[in-house]
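Novice: Sequence lines, in order, name chains A and B. Last residue of the first sequence: number 560 in our numbering, and the count goes up by one each step with no gaps. Last residue of the second sequence: number 560 in our numbering, and the count goes up by one each step with no gaps.
If several chains are the same, the list does not tell them apart, and a pair holds so long as it fits within one copy or across any two.
No more than 25 Å apart at the CA atoms, straight line, and that leaves these computed lysine-lysine pairs for BS3-like:
#, residue 1, residue 2
1, 377, 305
2, 444, 345
3, 290, 360
4, 474, 536
5, 524, 329
6, 541, 524
7, 290, 305
8, 473, 541
9, 524, 495
10, 377, 484
11, 541, 474
12, 329, 490
13, 474, 544
None of these hints come from the bench; they were simulated from the model.
There are 2 protein chains.
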Amino acid sequence: MNAKYISINTQLFQEDEAKLHVSDLSIQRGFGIFDFLKTINGKPIFIQSHFDRFYHSAKELNLRVNYDRESLLKAVNELMKKNDMPNSGIKFILTGGFSADGYSIGEPNLVITQSPFEYDPSGFEKGTTLVTYNHQRQLAVVKTIDYLQAILLQPHIKQQGADDVLYHHNGAIRECPRANFFMVKDKKIITAKTDILKGITRSKVLNMKIDGYSVVEEDFTLNDLAQADEAFITSSTKNVLPVLVIDGQKVGDGKPGKITRQLNELFSELIRLG
Amino acid sequence: MNAKYISINTQLFQEDEAKLHVSDLSIQRGFGIFDFLKTINGKPIFIQSHFDRFYHSAKELNLRVNYDRESLLKAVNELMKKNDMPNSGIKFILTGGFSADGYSIGEPNLVITQSPFEYDPSGFEKGTTLVTYNHQRQLAVVKTIDYLQAILLQPHIKQQGADDVLYHHNGAIRECPRANFFMVKDKKIITAKTDILKGITRSKVLNMKIDGYSVVEEDFTLNDLAQADEAFITSSTKNVLPVLVIDGQKVGDGKPGKITRQLNELFSELIRLG
Numbered sequence: 287m288n289a290k291y292i293s294i295n296t297q298l299f300q301e302d303e304a305k306l307h308v309s310d311l312s313i314q315r316g317f318g319i320f321d322f323l324k325t326i327n328g329k330p331i332f333i334q335s336h337f338d339r340f341y342h343s344a345k346e347l348n349l350r351v352n353y354d355r356e357s358l359l360k361a362v363n364e365l366m367k368k369n370d371m372p373n374s375g376i377k378f379i380l381t382g383g384f385s386a387d388g389y390s391i392g393e394p395n396l397v398i399t400q401s402p403f404e405y406d407p408s409g410f411e412k413g414t415t416l417v418t419y420n421h422q423r424q425l426a427v428v429k430t431i432d433y434l435q436a437i438l439l440q441p442h443i444k445q446q447g448a449d450d451v452l453y454h455h456n457g458a459i460r461e462c463p464r465a466n467f468f469m470v471k472d473k474k475i476i477t478a479k480t481d482i483l484k485g486i487t488r489s490k491v492l493n494m495k496i497d498g499y500s501v502v503e504e505d506f507t508l509n510d511l512a513q514a515d516e517a518f519i520t521s522s523t524k525n526v527l528p529v530l531v532i533d534g535q536k537v538g539d540g541k542p543g544k545i546t547r548q549l550n551e552l553f554s555e556l557i558r559l560g
Numbered sequence: 287m288n289a290k291y292i293s294i295n296t297q298l299f300q301e302d303e304a305k306l307h308v309s310d311l312s313i314q315r316g317f318g319i320f321d322f323l324k325t326i327n328g329k330p331i332f333i334q335s336h337f338d339r340f341y342h343s344a345k346e347l348n349l350r351v352n353y354d355r356e357s358l359l360k361a362v363n364e365l366m367k368k369n370d371m372p373n374s375g376i377k378f379i380l381t382g383g384f385s386a387d388g389y390s391i392g393e394p395n396l397v398i399t400q401s402p403f404e405y406d407p408s409g410f411e412k413g414t415t416l417v418t419y420n421h422q423r424q425l426a427v428v429k430t431i432d433y434l435q436a437i438l439l440q441p442h443i444k445q446q447g448a449d450d451v452l453y454h455h456n457g458a459i460r461e462c463p464r465a466n467f468f469m470v471k472d473k474k475i476i477t478a479k480t481d482i483l484k485g486i487t488r489s490k491v492l493n494m495k496i497d498g499y500s501v502v503e504e505d506f507t508l509n510d511l512a513q514a515d516e517a518f519i520t521s522s523t524k525n526v527l528p529v530l531v532i533d534g535q536k537v538g539d540g541k542p543g544k545i546t547r548q549l550n551e552l553f554s555e556l557i558r559l560g
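With the rest of the complex left out, here is chain A:
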């Protein structure tokens, strides 16, 4: 993870000492939730929104969080101080805890890791390339640690020369494994509404105003997407990133779109204002 320290249940451990017993329900049954945010110059971005979602995910999986926001924030600040890593990604994992029978939820374990990360604005011009895949994530609205399908698809994505996968469910566009998806078409900026994880960056974009365009949550299909003017994905690490190619076909003229660019600038401004 390339940090000096990792926090487990708000206690700091040297990186290589940060371990969980094999009876943890994440190891036994893949049971846990997480959240992820970035820090810029030592400042965590939109941390309260991430806390909101973290507590919501925990509640959905019947996991008790033994720490209030103040304690979580304190744990993050202690970790940041010890790691001395101003530009980073911070990940909170809450597992099902140590389980005597390997099946029942125990006392959840909270793991907080920090890794070097810095947003590279030049990535915007390069954009990204997707392949579509028919898959509906289970419990999609909860940020669980379940990435079985996504990791399994890595060789396929590589083979197709793409950067990532865009899930659709029998033709209805959903999301990427770690990012939300938008298209721009008919003066609308549209993102899926149903059975997806509602990202923090996505929610910021949904609140943006662009002259002559409406920004809407609305389900749409692969067929609709074929005629899009622009497409982009949103995430805490990618901000607003143009999608230039989907399944080998150019989106619009295959270059970063005007609306996508405006949205990314608005988003960068939001981060600056914090």
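Given the coordinates of chain A, work out where chain B should sit on it, guided by the hints.
Specialist: Below, chain B alone, put in the same frame as chain A:
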């Protein structure tokens, strides 16, 4: 886990020292497979069949097993010797390994645990009670560690006064989270064919001969099930266990069925012959 020792990558660790680093892909992304078998009087039951499935599951998830059958068997024997636990359940977990980026597969970690377990024949008469639930497991044919939905359903199952859940997919019967499901109807002993985990006990039952009955893999629905004479589940811990009630309705006369009893006796005999 109630054993003195746990094996990690074929090395023995004292129970409370058996830990994995938090960068393991099971903790980060719920990524791993497992298998489970029982031992009776120190003898592992159907271990080669479990090894077959274990290697198959690993291959399906692109996980390399760095141990051949002989090494696995040696690791099991060493663990059994040190734990001195003749009647037990033995679980093999193979995780995605330590992952620098928390997303890519690393060098898989092999965890072997042993827990006290002894089949109780008196459980047969008590049978079991199920509630149905519409859910298709992802990658159902692979024995992954993904039990997100099953664990999430525990409060619902309890509330309904049932012991476990029977998954159907839009009406098509599938399986229980940790057992296969059969019904007996019209002189047929039937178990689902599509999108299920094919259990070892299930495969043994499929090879059994009962006079006047055929044993078949064939998809069937909730409606078909409503008219069943008998129903039962199969697993390494439950052997052949009568299902007496489904969704509050008796199956047949609500008592362990004659065919179910014959199959369980044949299965016990198979285990004795080993």
